[in-house]
Amino acid sequence: MPAEARENPLSARMQLLTGAEAAAHAMRQINPDVVSVYPITPQTPIIQTFAKFVADGEVDTEIINVESEHSAMSAAVGAAQAGARTMTATASQGLALMIEIVYIAASMRLPIVMAVGNRALSGPINIHCDHADSMLARDSGMVQILTENAQEAYDFMVIAPRLAEHPEVMLPVLVGQDGFTITHSAEPVSLLPDEQVRRFVGDYRIPYPLLSGEVVTQGPFAMPDYYFEIKAQQVRAMQAAAQVFDDLSEAYEAYSGRRYQAVEGYRLDDADRALILMGSSAGTAKDVVDQLRAKGEKVGLAQVRLFRPFPAAASSSTVSASSPSPAFSL
Amino acid sequence: MRELKSSHQLPIGGAVLAQSAEPPHTGGWRVGEKPRVQLDTCVNCLLCWIYCPDSAIKIKDEAFLGFDYDYCKGCGICQEVCPTGAIKMVAEALVLPPLGRIEGESDAG
Ligand code: SF4
Ligand code: SF4
Numbered sequence: 000m001p002a003e004a005r006e007n008p009l010s011a012r013m014q015l016l017t018g019a020e021a022a023a024h025a026m027r028q029i030n031p032d033v034v035s036v037y038p039i040t041p042q043t044p045i046i047q048t049f050a051k052f053v054a055d056g057e058v059d060t061e062i063i064n065v066e067s068e069h070s071a072m073s074a075a076v077g078a079a080q081a082g083a084r085t086m087t088a089t090a091s092q093g094l095a096l097m098i099e100i101v102y103i104a105a106s107m108r109l110p111i112v113m114a115v116g117n118r119a120l121s122g123p124i125n126i127h128c129d130h131a132d133s134m135l136a137r138d139s140g141m142v143q144i145l146t147e148n149a150q151e152a153y154d155f156m157v158i159a160p161r162l163a164e165h166p167e168v169m170l171p172v173l174v175g176q177d178g179f180t181i182t183h184s185a186e187p188v189s190l191l192p193d194e195q196v197r198r199f200v201g202d203y204r205i206p207y208p209l210l211s212g213e214v215v216t217q218g219p220f221a222m223p224d225y226y227f228e229i230k231a232q233q234v235r236a237m238q239a240a241a242q243v244f245d246d247l248s249e250a251y252e253a254y255s256g257r258r259y260q261a262v263e264g265y266r267l268d269d270a271d272r273a274l275i276l277m278g279s280s281a282g283t284a285k286d287v288v289d290q291l292r293a294k295g296e297k298v299g300l301a302q303v304r305l306f307r308p309f310p311a312a313a314s315s316s317t318v319s320a321s322s323p324s325p326a327f328s329l
Numbered sequence: 000m001r002e003l004k005s006s007h008q009l010p011i012g013g014a015v016l017a018q019s020a021e022p023p024h025t026g027g028w029r030v031g032e033k034p035r036v037q038l039d040t041c042v043n044c045l046l047c048w049i050y051c052p053d054s055a056i057k058i059k060d061e062a063f064l065g066f067d068y069d070y071c072k073g074c075g076i077c078q079e080v081c082p083t084g085a086i087k088m089v090a091e092a093l094v095l096p097p098l099g100r101i102e103g104e105s106d107a108g
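First to last, the sequence lines map onto chains Z and H.
Residues in the first sequence are numbered consecutively from 0, following numbering that gives the first Met the number 0.
Residues in the second sequence are numbered consecutively from 0, following numbering that gives the first Met the number 0.
A few of these clues could be false.
Some, not all, of what chain H presents toward chain Z, calculated at C-beta under 10 angstroms [as the list claims (entries may be wrong)]:
(1) Ser-5
(2) Gln-8
(3) Ile-11
(4) Ala-14
(5) Gln-18
(6) Pro-22
(7) Gly-26
(8) Leu-38
Source of the hints: derived by calculation from the structure; they are not laboratory data.
Ideal placement from N, C-alpha and C gives every residue a C-beta, glycine not left out.
Construct the complete structure from the given sequences, taking the supplied hints into account.
Below, the structure written as structure tokens:
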């Protein structure tokens, strides 16, 4: 957690939440139109918690329970295309099964937000953390943010719809939180007031919703000539997402007092050794860096939060500008 | 052919807006045979219209007219379902009247 968040006077609404619960609270506050899900093993309590909010009437969301994760993503594509703000959640094998449709969501430019509990792929069957599941989606055209703790899992779930739906982006966004380490560990989380989240997130708008009445063909066949024009659009959208990520981080800071960078340098000044990490391990490693620094060792850390689009320029300036060693140039 | 549009001119996500695309005359994929109809045998049941997978049977006010060769793919399903034998697949090269309509006594074509 960034230092300013610890002392943030706005953080009056601390609650003891797991990362899964924190993500579900963000979804409750966003109140998406549709959440399509299938709880394949290993799932996380994200949807379980959110389903309770639906059952208790705290949101208007329609939960679509389907027969597989492939169908969950397919239903999400249909819902988003119809004009509904759509979310889903998955983990591990479930994400693996969704991948085919993730490519379709990205190419159809559907701003679906996906909460992921990053868990190892089978086998052996395993419910603990590993980023191999979201790495499967690395080249799918889905923006990927990997968070450090429950607070970040919450914050980025709030930021994600705006990033996904930004007119220059219009891509699905994955918000990953490490399986078990974040999904199932309770820690103090500061939630924004509901109305602030709704104001921050705003209304859902996509250019050609199927329910608009406008005549439009979606998901057509394209010969190689047009296929590459559509892919070129996707590449530009992915590149634009890096700047939009920074802009939204700044906008979100005004609400939360917490500011996130695509790549965060931690005590890298004069470091002669550094780790480059993503996810919860970065939080642990920051403590180790502090301990080693206290012993006089020149160590630091670069934490990658935005994995897709990969912030190559920021990574290389974060690491190499602060460290003379070429070993840290990316 | 219309000029190809660039990624900067196209709607995102592959969306095709109304009237923006050239009509795709898929009838060009037809090989070998095309259907023709012997009009005096047709009883206007419209089974061909129901079964044609390419909506290539033309009708007007519920009356059978003939074939839209811009879209007919020559599958022969209309011949199979026609209960009177009015439809027959003939060589692609055979010159036919418009819409494949053969007037007059049966067995022509
Ligand atoms: S041959 Fe096939 S495509 Fe052509 S009109 Fe008959 S049913 Fe339709
Ligand atoms: S199926 Fe045969 S009889 Fe019926 S409308 Fe078509 S051509 Fe005429």
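Violated hints, by number in ascending order, as checked against the structure: 6, 7 and 8
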